[in-house]
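J.: One line per chain: the protein sequences are H and B, in this order.
Residues in the first sequence are numbered consecutively from 1, following the working numbering.
Residues in the second sequence are numbered consecutively from 1, following the working numbering.
Everything labelled a hint here was simulated from the structure, so no lab data went into it.
Quick caveat, the model's predicted, so the values are computed rather than measured.
C-beta: ideal position from N, C-alpha, C; glycine also.
Accuracy of the hints is not assured; some may be wrong.
Computed Cβ-Cβ distance ranges for the label pairs, DEER-style [claimed, not checked]:
#1 B:248 to H:123: 55 to 65 Å
#2 B:248 to H:164: 17 to 27 Å
#3 B:115 to H:148: 50 to 60 Å
#4 B:237 to H:49: 57 to 67 Å
#5 B:124 to H:63: 38 to 48 Å
#6 H:31 to B:317: 53 to 63 Å
#7 H:49 to B:248: 39 to 49 Å
#8 H:176 to B:83: 17 to 27 Å
Output of the computed footprint for chain B on chain H, the stretches with three or more beta carbons under 8 Å from beta carbons of chain B [as the list claims (entries may be wrong)]:
#9 37-51
#10 108-114
#11 289-302
#12 316-329
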Amino acid sequence: MKDAVTSLPSAVSSASRRYAPRTWMLILLTALVAVSVVSLLIGAGEVGPQRVLGLLLSASDSEAQFIVWELRTPRTLIGIVVGIALGVAGALLQAISRNPLAEPGLLGVSAGAAFAVALALVLGASAATLRISVAQLGALVGCICVLSVARFRGVGNDPVRLVLAGAAFSGLLGSLTSLMLLYDQRAADEIRFWVVGSLAGRRLDDLVAVLPSLLVAAIAVVMMARPLAALALGERAASGLGHHPTLIRWVAVGCVALLVGAATAIAGPIAFVGLVVPFVARAFAGPDIRRTLWFCLPIGPLVVLTADIISRVVVAPSELPLGVLTALCGAPVLIAVVRAKRLTML
Amino acid sequence: MDYSSLRKGLIGGVVSGLLLGGLLVSGTLASVAHARTLDTAYGDVEVSDAPQRVVTLYEGALDAALAAGVTPVGAVTTRGGDNVAEYVEAHFSGERPEIVGVVREINIEAVLAQQPDLILAAAQLPEAQYRLLSRIAPTVVPHAQPLAPDSWEAEARLYGQALNREAEIEDAISAVDHRISELAAAIDDANAGGTAVLARWMPNGPMVMSKALIATGLLAKVGLEVQDAGLVDEGHPHSDILSLENLSQVDGDWLFLATLNADGQAALDAAKQSAAFTRLDVVKQDQVVPVNGQLWSSANGPLAAQAILDDIENALLP
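Isolated chain H (complex conformation) (with noise of 0.2 Å):
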């Protein structure tokens, strides 16, 4: 497995020296579409591919025709948002704090935000109303938490010793969500499923009330993008091409704040995706932060949509909740990039 990993990056890489990354980029879309399509054939039910592909001939069937159209479809859009958001999230998180292994999930952003919902839960509120603010809120605070954790001298040099703060972080935030939970049985019944992220049964009208704060993140994430190269070459340079360090370092941490709150709002909390996608996207993109994001667009959905498929193929008739699936193949990722000779800085 570790072999497997580590060598994904060289391999890409020199075969990304064989395509141009456009001709990459147009595979990698290629690869979004048909994992979409898979995405709408095949679930946990018993409407399968031909089925599906019956009702392009006629449209009798209407269990086959509500599986896909109210089912399938809204999760397959759903995944591709929120693969998009943490990849994205992932990516400029990496940027900021300059390290490989920044990860919303593991630096404590994703458990931010499920505490802020919890607490939001704990204190009335429904989990159907008020849940997109309130997570995003808490992302922001977890962001920002770590980030000046990570400022102390010392810290910041070392992409370990700031993924263990986060993983401090993201302990505490979880047992005094756990607390909570058993202070209030109610709470506990709403959030225990969705402590753990899922695809599954969420609706339309979660993603269409993200997306405001999604298009505000993503002409921010735009017009970071020549300020975060400038960044990574170092402070002094970027100050001196003009750029204002740490007004980009905020704009950043509002964005990923916006993207993982979105992300968590309505999926719940997916780890690793946000490690695993500008990891790919490096090795196809190269050092540059610009190239990465963009490679981040449709590498981030083929990561969560096919891992949402085997999710829904595995434990049939039942499913296997998302979360659970990107934390088993993640973890192996993030031990594979610490143990790897050479942890790049960014």
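With chain H's structure known, arrange chain B on it following the hints.
T.: The following block gives chain B in isolation, referenced to the frame of chain H:
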């Protein structure tokens, strides 16, 4: 002290009976004396003739004690709640038991504080806990039984023996049987039967409950055709959470919907947020019955059976 003096009294009774020379008299007294040694999961346990301070560490034991006319001084909470199950409340006459923990986490000090002379526990009580508890008072643990709709009856009979109120428990059990046959006849007359599924609604889909629970057993006995769509493994109380894509498998004539906590209506409201749920025939025909999960999926005993039968009657014969 109490206990040994009672035993002395009992032996004295047997001896004087023999002295009176009536073989018949001595025979009945001997059978009483015999009944006070109970066959439990941890061997024979001797219990006093008239326990005064009873602590129940299991919902089924609390139910049986109340059915036998004994209000325990201590009890555990219902699963997922802060107090005893709501259906039990009606059976308290003034006094109510102190809470001494939850089923899986008994507060031994709280039990000790009640100074019980009899402890009624669940069949699943771990041995280490049994050893501690039996030093406080005689502790009665029923033999473990397979998951079956009627398992509660044998447990209730043992608790009845321990309380020296076997007749009351027999009455309560036969009252349940009587009620079942009445209700079954009424449902048959009203032609209100059909297929039924008991499910627990979770935020991401339903769990189908086993056909071997007391609630599903009662549904079957009053004439409904209880289904689990083949999803529940033998010996498991419920299935895994079903994918929304497979929701049509819980469709039928009746759907009884519970949550882990009390509010069945809240479960129904939550379920109605899902388009996969609202398109079921059983939902369109308004044949979904929101039920209290405390009662329907975790309680047992004769009083619980009566309360479940009340719910069934109210739903099917409005």
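J.: Would you mind marking each hint as holding or not holding in the structure?
T.: Against the structure, the hints come out as follows:
For residue 248 of chain B paired with residue 123 of chain H, a C-beta distance near 37 Å fails the hint of 55 to 65 Å. Range check, residue 248 of chain B to residue 164 of chain H: Cβ separation about 48 Å, and the 17 to 27 Å hint is violated. The given range of 50 to 60 Å is respected by residue 115 of chain B and residue 148 of chain H, whose C-beta atoms sit roughly 55 Å from each other. Our hint of 57 to 67 Å for residue 237 of chain B and residue 49 of chain H is violated, since their Cβ atoms are close to 35 Å apart.
A hinted range of 38 to 48 Å holds for the C-beta pair residue 124 of chain B and residue 63 of chain H, which are about 41 Å apart. In this structure the supplied range 53 to 63 Å holds for residue 31 of chain H paired with residue 317 of chain B, their Cβ-Cβ distance being about 59 Å. At about 19 Å, the CB distance of residue 49 of chain H to residue 248 of chain B disagrees with the hint of 39 to 49 Å. The beta-carbon spacing between residue 176 of chain H and residue 83 of chain B, approximately 26 Å, falls within the hinted interval of 17 to 27 Å.
With a cut-off of 8 Å between beta carbons, the stretch 37-51 of chain H has 5 residues touching chain B; three or more are needed, and the interface restraint holds. Using a Cβ-Cβ cut-off of 8 Å, 0 residues of the stretch 108-114 of chain H lie near chain B, which falls short of the minimum of three, so the contact claim is violated. Counting residues of the stretch 289-302 of chain H whose beta-carbon sits less than 8 Å from any beta-carbon of chain B gives 0, not enough to reach three: the coverage restraint is violated. Residues of the stretch 316-329 of chain H with a Cβ under 8 Å from some Cβ of chain B number 5, which satisfies the need for three, so the listed coverage holds.
Checked against the numbered hints given earlier, the structure breaks hints 1, 2, 4, 7, 10 and 11 and satisfies all the rest.
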